[in-house]
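Visitor: My request is simple: use the sequences and hints to build the entire structure.
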Amino acid sequence: MNEAAHPMESILRMDRMPHIWCPGCGIGTVVTAFAMALQQAGIPLDKIAVVSGIGCSGRVAGYIKLDSFHTTHGRAIPFATGLKLANPELTVVVISGDGDLIAIGGNHFIHAARRNVDIKVFCINNFNYAMTGGQLGPTTPEPAITTTSPYGAFENPFNLPFLAEGSGAVYVARWTALHIRRLTKSMTEALLKKGFSFVEIIAPCPTLYSRRNRLGDGLDELRHYHDKSVIKHGADTRELDISYRDKIVMGKFVDRERPTFVEALDKRFTEVFGKKYEPYGKVAT
Amino acid sequence: MKADAKGVLTGAHYLDGDHACAEGALAAGCRFFAGYPITPSTEVAERIASRFPLVGGLFVQMEDELASMAAILGASWAGKKSMTVTSGPGFSLMMENIGLGAMTETPCVIVNVQRGGPSTGLPTLPGQQDMMQARWGSHGDYEIIAVVPNSPQECFDLTIEAFNLSEKYRVPVMVMMDECVGHMTERVDIPAASELEVYNRKLYDGPKDQYLPYKVENGNGQVPLMANAGDGYRFHITGLTHDERGYPAMNAEVQQQCVSRLMDKITGNAADICRYEEHRLKGAEVVVVTYGISSRVTMRAIELAQAKGLSVGMFRLITAWPFPEKRIKELAEKVKSLVMVELNMGQMVHELERCVAGRAKVFLSPHAGGWVHDPDDILKLIQEAAK
Numbered sequence: 001m002n003e004a005a006h007p008m009e010s011i012l013r014m015d016r017m018p019h020i021w022c023p024g025c026g027i028g029t030v031v032t033a034f035a036m037a038l039q040q041a042g043i044p045l046d047k048i049a050v051v052s053g054i055g056c057s058g059r060v061a062g063y064i065k066l067d068s069f070h071t072t073h074g075r076a077i078p079f080a081t082g083l084k085l086a087n088p089e090l091t092v093v094v095i096s097g098d099g100d101l102i103a104i105g106g107n108h109f110i111h112a113a114r115r116n117v118d119i120k121v122f123c124i125n126n127f128n129y130a131m132t133g134g135q136l137g138p139t140t141p142e143p144a145i146t147t148t149s150p151y152g153a154f155e156n157p158f159n160l161p162f163l164a165e166g167s168g169a170v171y172v173a174r175w176t177a178l179h180i181r182r183l184t185k186s187m188t189e190a191l192l193k194k195g196f197s198f199v200e201i202i203a204p205c206p207t208l209y210s211r212r213n214r215l216g217d218g219l220d221e222l223r224h225y226h227d228k229s230v231i232k233h234g235a236d237t238r239e240l241d242i243s244y245r246d247k248i249v250m251g252k253f254v255d256r257e258r259p260t261f262v263e264a265l266d267k268r269f270t271e272v273f274g275k276k277y278e279p280y281g282k283v284a285t
Numbered sequence: 001m002k003a004d005a006k007g008v009l010t011g012a013h014y015l016d017g018d019h020a021c022a023e024g025a026l027a028a029g030c031r032f033f034a035g036y037p038i039t040p041s042t043e044v045a046e047r048i049a050s051r052f053p054l055v056g057g058l059f060v061q062m063e064d065e066l067a068s069m070a071a072i073l074g075a076s077w078a079g080k081k082s083m084t085v086t087s088g089p090g091f092s093l094m095m096e097n098i099g100l101g102a103m104t105e106t107p108c109v110i111v112n113v114q115r116g117g118p119s120t121g122l123p124t125l126p127g128q129q130d131m132m133q134a135r136w137g138s139h140g141d142y143e144i145i146a147v148v149p150n151s152p153q154e155c156f157d158l159t160i161e162a163f164n165l166s167e168k169y170r171v172p173v174m175v176m177m178d179e180c181v182g183h184m185t186e187r188v189d190i191p192a193a194s195e196l197e198v199y200n201r202k203l204y205d206g207p208k209d210q211y212l213p214y215k216v217e218n219g220n221g222q223v224p225l226m227a228n229a230g231d232g233y234r235f236h237i238t239g240l241t242h243d244e245r246g247y248p249a250m251n252a253e254v255q256q257q258c259v260s261r262l263m264d265k266i267t268g269n270a271a272d273i274c275r276y277e278e279h280r281l282k283g284a285e286v287v288v289v290t291y292g293i294s295s296r297v298t299m300r301a302i303e304l305a306q307a308k309g310l311s312v313g314m315f316r317l318i319t320a321w322p323f324p325e326k327r328i329k330e331l332a333e334k335v336k337s338l339v340m341v342e343l344n345m346g347q348m349v350h351e352l353e354r355c356v357a358g359r360a361k362v363f364l365s366p367h368a369g370g371w372v373h374d375p376d377d378i379l380k381l382i383q384e385a386a387k
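Keeping their order, the protein sequence lines are chains A and B.
Here the first sequence is numbered in this note's numbering, starting from 1 and rising by one per residue.
Here the second sequence is numbered in this note's numbering, starting from 1 and rising by one per residue.
It is possible that part of the hints are untrue.
Unchecked claim - Straight line, CA to CA, 25 Å or less: simulated DSS-like cross-link-like pairs of lysine-lysine:
1) Lys47(A) x Lys208(B)
2) Lys47(A) x Lys202(B)
3) Lys276(A) x Lys6(B)
4) Lys282(A) x Lys6(B)
5) Lys326(B) x Lys282(B)
6) Lys361(B) x Lys334(B)
7) Lys361(B) x Lys282(B)
8) Lys215(B) x Lys65(A)
If you're looking for bench data, these hints aren't it; they were derived computationally from the structure.
Guide: Here it is in structure tokens:
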């Protein structure tokens with residue numbers, strides 16, 4: 001029995017396997033990277049919570065053997081905000097998709113970054129709404145075909161690292177599902193970083209996005225990442241748009257210090273109330 | 001158990017309903033608040049923002065009501081008694097996550113200081129038009145609890161009650177105030193902490209690997225034991241239909257069990273939950289059923305009717321949901337007619353009619369909101385009902 005045990009068994013809900021993701025999908029790879037990052041970060045597993053929204057990536061929380069919450073569409077970040085602010089001792093990670101976090105949940109994304117709530121947001125970007133059959137999303141590049149852009153997308157997609165930096169994130173990185181070692185390192189750094197930390201992961205969706213656009217299977221997409229990706233740490237986030245089938249700039253773009261929401265609150269109230277005030281975040285620090 | 005003295009502002013105060021509600025939350029042990037400003041509820045948030053720093057509470061003003069509702073659910077799972085406050089438009093935005101709260105059985109309190117609607121309606125003027133939305137506003141079948149204070153004192157008392165019920169039954173509880181009750185100022189007596197009973201959720205403390213988040217132990221009123229995030233149980237919670245393990249289960253059988261229990265734990269405990277006040281019901285031929293600010297206007301109409309020699313009493317809803325069905329049915333057997341007075345075009349009257357079921361006549365005194373009823377209009381209806 002023991003020699004057959006999965007190396008991630010302590011972190012995955014093995015009683016829920018097999019998972020729902022399609023062959024060639026990038027989400028499983030991201031989960032593996034996250035499991036490795038958890039081991040590398042060395043944070044006690046009982047003190048980490050994972051929150052997901054709705055969609056294929058929204059199912060991640062269900063497979064991770066931590067306190068895990070599968071919430072409503074778009075609301076993973078505010079749910080995580082409540083969890084973190086109510087118990088600052090927890091490390092709170094949001095893992096969800098581009099549609100969930102950036103379209104329906106976009107307002108929460110920018111405000112959590114602005115407040116510098118100490119949560120980690122890992123956004124799996126597969127360029128479409130996959131759970132519902134492959135519709136146009138906020139990151140779909142022009143002129144990709146989706147079921148709701150049958151003649152090709154024509155809207156301007158969001159550049160997520162630029163949005164995150166502009167909103168106030170203290171850590172911003174992007175990798176693809178091919179770059180597992182670097183992705184794991186970034187996730188580990190984000191887990192240990194204090195403040196709103198954001199990692200975008202470009203991931204294949206062979207069943208819908210790739211098929212509709214005749215881009216081959218999951219392996220072909222990884223080959224595309226291999227051929228077209230460029231590592232450029234510290235790149236200007238304004239220049240990180242992802243054009244259809246063009247190059248993908250990856251790396252760690254932002255790593256800066258700003259007071260977190262709780263630090264700022266404690267500083268303000270200590271100034272106002274003096275010794276009468278008991279710092280709220282004392283448990284966490 | 002007794003209230004934490006840190007949050008209890010013991011003494012006699014002159015407070016409006018909004019501020020009294022905030023003090024009720026503090027006394028109940030609420031230590032997490034997420035909200036978004038909206039008239040006429042903002043004073044609740046303002047008082048919490050002012051009071052929380054020195055009692056160890058966390059106030060956060062969110063970007064909207066969707067976020068506020070999601071945040072209090074998250075905070076509740078972190079072990080804090082959590083609350084948000086809003087009015088009609090914000091209440092509408094909260095509906096999806098109220099459903100998540102009902103489905104995941106998350107204790108939390110939502111205060112709605114009702115104003116006139118629909119849409120932006122009458123931001124500064126009263127209404128009682130969200131009573132059905134409180135019960136039915138989120139999609140799917142579920143039950144919630146809603147209480148309806150009619151004075152600043154009750155805004156204090158019933159906010160504590162709301163927290164106690166939410167912790168006991170693991171359900172979103174709504175405090176359905178109205179603009180008049182929220183903004184009227186009266187004496188509010190806040191007792192000593194040692195005289196205030198507060199209920200804290202029952203936590204699972206068995207073996208960690210055997211915790212089943214939705215397993216109901218015998219004798220706990222269909223309510224499963226909770227675990228807080230960070231306590232080492234490493235549980236999974238989802239808005240999907242789920243089994244005892246909390247795992248998604250996409251089939252009709254589990255759906256039937258899951259939804260039935262969500263409803264049974266409230267309807268089956270209605271006798272414990274329901275509160276109401278009866279005034280001069282003995283031998284009354286006409287009973288006026290009312291709640292919130294409308295009950296105070298009704299009192300005047302009843303005085304006028306009694307002066308005219310009419311046999312009339314009042315039944316005041318303190319709990320609107322679950323509706324006090326059993327007592328209404330008893331009354332319907334005895335009286336000639338029941339008159340509903342509410343600040344809407346007819347909402348709780350449907351529930352009244354359902355329970356009366358033809359045993360007596362039912363009359364409605366409707367009002368579109370913006371002001372309270374004229375006692376004379378209620379009097380005329382009582383006279384008609386007494387014929």
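Visitor: Each of the hints needs a verdict: does it hold here or not?
Guide: Tested hints:
no. : hint                  : in the structure
1   : Lys47(A) x Lys208(B)  : holds, 14 Å
2   : Lys47(A) x Lys202(B)  : holds, 21 Å
3   : Lys276(A) x Lys6(B)   : holds, 13 Å
4   : Lys282(A) x Lys6(B)   : holds, 18 Å
5   : Lys326(B) x Lys282(B) : holds, 17 Å
6   : Lys361(B) x Lys334(B) : holds, 11 Å
7   : Lys361(B) x Lys282(B) : holds, 18 Å
8   : Lys215(B) x Lys65(A)  : holds, 19 Å
Against the hints set out earlier in the document, no violation occurs for any number.
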